[in-house]
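For this one, chain X is given, so just place chains C and R on it according to the hints.
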Amino acid sequence: MSVEEALEMFKSKVSGQVPFREKVLASMIRRAKIRLSYKTWIIFDFANTFFMVLTYFLLAFIITPEDISRAGYGPSYFAFALIGIAISHYVTASLRSLSMTIRLEQFYGTIESILSTPTSFIVLFLGDILYFFLYSTIFLVLILWLGLFLGAPIILNLDTALTLCVLIVLLMLSNLPIGIASAAMILKFKQGNPIGWALTWINQFFAGTFFPITLLPTELRAISFLLPLTFSLDAIRYSLIWGVNLLHPRILSDVIYMVIYAIIGYPIALKIFNIVYDDARKRGELGTY
Amino acid sequence: MAEDVREALEIFRVRETKKDSFMARALASLYYQLKIIATYKMFLAIEFIDIILSVLIYYFVGFLVSPQALSSLGYSPDYLAFAVLGIGMSRYLWTSISRLAHKLSHEISEGTFESLVAIDVDNFRSWLIGQVIYGFTWSSMWFVGTILVGMALGAKISGDPILWFQAIFILLLTIAVHVGIGIIAAGMYIKHKQLETMLVFLSLVMEFFGGVLYPLSLLYNYRPLYYIAMLLPFTHGLEMFRRTLMNEWTILHPQMLLHLGFLLVFLPLIYLGFKIFERYLNLARKEGVLGTY
Amino acid sequence: MGEYAIVSENLTKIFRSGKRKIVAVDHVSLKIKRGEFFGLLGPNGAGKTTFTKMLVTLLIPDEGEAWVDGFSILKEPIEVRKRVGWMMGETGGRALYWRLSGYDNLMFFAKLHNVPRDVAEQRIKVLLRFVELENDAHKLVMNYSTGMRVKLMLIRALLHNPDILILDEPTLGLDVESARKVRTFLRRLVDDLGKTILFTSHNMYEVEMLCDRIAIINRGRIIFIGTPREIREKVEEIKIVEIQLAENGNVLDDVLRRITSLSVVNEVLSKEILERNIIIRVSVTDHATAIPEIANALRGYNIESVHRALPTLEEAFLKLAGVKIFSMKPSGVGVGRYGRRR
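Protein chains in written order, with the numbering used here: chain X, 633 to 921; chain C, 5 to 297; chain R, 102 to 443.
Chain X extracted, bound-state conformation (with noise of 0.2 Å):
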């Protein structure tokens, strides 16, 4: 083929502008494509949770529930542990998955191509937390159809299903903040996952996936008020175990707590993201990892 006739194509001028949510809906596709092209680690994933719901209706059998009564989550622990592993996934993906982008951009040396585009990253971490959280839904809807074969004793109906949905949106919203700000520290110590990793394990440990934190000491159980992830898990085990919505007194006062994090949060760790990231544009790391 001829230089004319590709020269042909850069004699007109468009003068578009692509619609945002395109671009969003773009850099979305973009994360699934490279995901799925990992297929063996999505069966993983998948096998995983398979077997660690099983692990728990096991376990269940030989646990007396008077602690999670107590805690006011009913009669049955399987519920309880089935609860926490099944929105586990949307833990990861706003603790994870914005430290996740900006390692992997690194990695594959894109970074730079993206940053020098008139586009904001901001398309791409919106595009990736899409993703994730479509994701984290498929396992959701696994895990508790799962769950309800094994006869875990959660009221699930319209109800319950919109206020999950409401409490899911919050949880994102609410531990966000927590994934910006350590996408911030990647930024800054090119050390990605270890401190990723820490916080996944952190927030398992204190918000209460496996057991609850009324089993805590009391200096302990301080640290697990100050993560969003304890009042999220609390309002949805509470909505799932009860069948009540979103105006259980409960419930409200969950919610207020995650929308205070999410108003304090966001202001703060944009606010550290951005000293980091203009840090890095001056070192001229951006693309190194």
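This list has only true hints and no planted wrong ones.
Which bits of chain R does chain X cover? Going by a derived footprint, with three or more residues having C-beta under 8 Å, they are:
1) 156-168
2) 174-186
3) 205-211
4) 220-229
5) 281-294
To be clear, the hints were calculated from the coordinates, so they are not data collected in a lab. Built from N, CA and C at the ideal position, the CB exists for glycine as well.
Just chains C and R, lined up with the frame of chain X:
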């Protein structure tokens, strides 16, 4: 300029006849691995937190477990001890097994694997053994850490030195059986390049079917799953290990002998492992996929 | 500012690592006209990439300011990015998603550059055909060769049809035929469509052939700006004689002493000892008188040849810059050493 060329050439004039022993070379490969890992401080710190938190979770779950239920299934009524021994042993085996395959994948992605294979077979085998031993040394930190944290939290684990001696014997035997599996996994990796599936499948199977977190007798109502569990060497190793340190059974206990028999059946896996590994290696060399990833 | 596409004023970038300070770009002031094909030539680590990264707003300068198409890189980075097509240097082809296909990569970046879908589809199709990648468009980039990735990166930089192209070593890693085609295409972009191209390279030949003007950068400083013709004229002022002796290294000191005592010899440029050969290059005031004088001075030695030689790139730089450039390798064609054998 001519001077340094001459000097460099000089090195190759002598043909060395002396060789380090097989074991010395295996140890050398271990030594350099330890040196590399010591540079990952952050990694070590996180590993440490990981140990403590994972034990702590089961410390608190332990409060929920009814001691009667546990002892009615034949164990001592302490769930923390039960979980700590399970996690300790399964993680120990799992990290050791995955170690070799991970190391291989690393060498391949760094492009150094082909030069490793280029050295002669004997040397390559000692490199392999060195990696395996290294895997176990490194992960034994995990093991010891887990048990110590568990004991600090009050897990009732036997302190009888003779029983500990027996426990270590069981551990070594279980390891020996699984070294073969690790080498096979590594071999399959060289050929199929699907590391995660292999390893993760192993870990899932070990954690779930081995009964790491719950007593296996609970699985008895789900027959097919129960049979799968019984066919795995790890299940028997873990059961013996727990019985020794929780129930203070000696090896002469009839149930223990039964488990021991099961484990011994799997022992030839080491030899088989080497054979299969080399077969895969040769296959990969034929197809020219040694260095690709 | 209207007639200039790129203007930089005292642009400076300092990298600090611990106590060490490295001045990567040192008060660079440049004006590149619209429709100009401008070459930035320099050895590795001279500051070419740092300079271009500041222009595309990936790096914030420590001092100075620059305007691209009239927009400040400090105050209006988004406007700058809209107008620039940037191709990252370095082979290896990072800067693309290896686990996406070539087509997916281009489509994604087209969206980020605000190119509507139908336009993007058309351009991608034609450009992939142009660089002969149309059959590999749907393969994952991880399975591409280096050359294929370079082509893809070039297309990526062009997708939004920017008026200003900043290309960092765009032909490195391409085969000879593709490189030729790409060069022709780039030249035509400037000639026919009035685009401005800032082009970095360490290949003297390429830059000389393509560019309207060239700046030579070394250790962060512009040491020369001019047309290729001006460079050539400067270079031709250097008169070099190459001496080849069939002797071994231990006579070198005596040989050098004899040569430097001659008044026609200005300076010894290089001395090289091979297995049984000595090669010395000197700059002289005049070829005609110097060659016989040198031959005379070396009587008694086994002279293989004393001849006139063209300056190497390094020697040319030395002349232009007045500073010695280390780590500079003569690159292949062009002002190479073809005066060596006669």
